[in-house]
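Residue numbers (our numbering), protein chains in the order written: chain A, 1 to 111; chain B, 1 to 113.
Check each hint, because a few of them may be wrong.
Claimed, not checked - With a straight-line Cα cutoff of 16 Å, these simulated EDC-like cross-link-like pairs (lysine to aspartate or glutamate) come out: (1) A:Lys98 with B:Glu82; (2) B:Lys57 with B:Glu97; (3) A:Lys110 with A:Glu15; (4) A:Lys70 with A:Glu3; (5) A:Lys110 with A:Asp78; (6) A:Lys110 with A:Asp66; (7) A:Lys98 with A:Glu3; (8) A:Lys42 with B:Glu97; (9) A:Lys98 with B:Glu54; (10) A:Lys67 with A:Glu15; (11) A:Lys42 with A:Glu3; (12) A:Lys2 with B:Asp40.
Simulated from the structure, these hints should not be mistaken for laboratory data.
Please read all numbers here as calculations on a predicted model, not as lab measurements.
Now for the letters of each chain:
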Amino acid sequence: QKEVEQDPGPLSVPEGAIVSLNCTYSNSAFQYFMWYRQYSRKGPELLMYTYSSGNKEDGRFTAQVDKSSKYISLFIRDSQPSDSATYLCAMSGAAGNKLTFGGGTRVLVKP
Amino acid sequence: DSGVTQTPKHLITATGQRVTLRCSPRSGDLSVYWYQQSLDQGLQFLIQYYNGEERAKGNILERFSAQQFPDLHSELNLSSLELGDSALYFCASSALEGHSPLHFGNGTRLTVT
């Protein structure tokens with residue numbers, strides 16, 4: 001079993017809908033949680049960076065962390081075709097900055 | 001644009017050969033990381049350097065080595081290449097040795113034939 005599980009999708013939604021993405025993890029030592037967006041043939045682009053449990057909002061993006069359930073989420077409001085990409089969750093522990101990634105969820109936003 | 005530069009963008013080589021991948025971190029970042037991305041394994045951490053010194057090692061094969069130079073650029077050397085080494089290799093950088101956001105380059109696509 002992988003340390004970080006993420007549904008590969010694809011997740012297809014109409015333009016303007018809310019996109020809901022999530023990851024579960026097994027390592028209780030993880031304390032820092034990130035979401036990256038990756039377009040085809042490009043490197044991962046950092047969207048959200050959070051520490052411990054709670055919510056964080058940045059524009060159309062909201063990240064939630066529930067450490068008690070070992071579950072993190074990313075919500076994208078008012079989705080646009082340009083949001084079509086693969087979304088990767090990543091996390092790290094208290095020591096060091098080594099990231100463990102989920103496998104990524106492919107999202108398709110249809111006009 | 002993340003500010004992390006990787007060269008070359010593409011590499012095609014034969015089994016048994018050796019290649020060098022190069023990375024220039026964002027201006028001011030002292031930490032450099034190398035990751036491998038393949039279809040079946042996803043993004044896997046290889047190695048981290050901070051200000052010229054190795055700081056953490058992941059699932060990096062003995063045939064692979066890396067270094068960070070005084071000007072902070074880094075090189076990943078892959079030798080005795082096998083078909084299974086075909087993958088995207090990403091470099092990332094961060095400002096600090098510890099907890100700070102990682103910013104990725106656009107990768108080098110390695111194809112071993």
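> Tell me, which hint numbers fail for this structure?
Replying inline: 1, 6, 8, 10, 11
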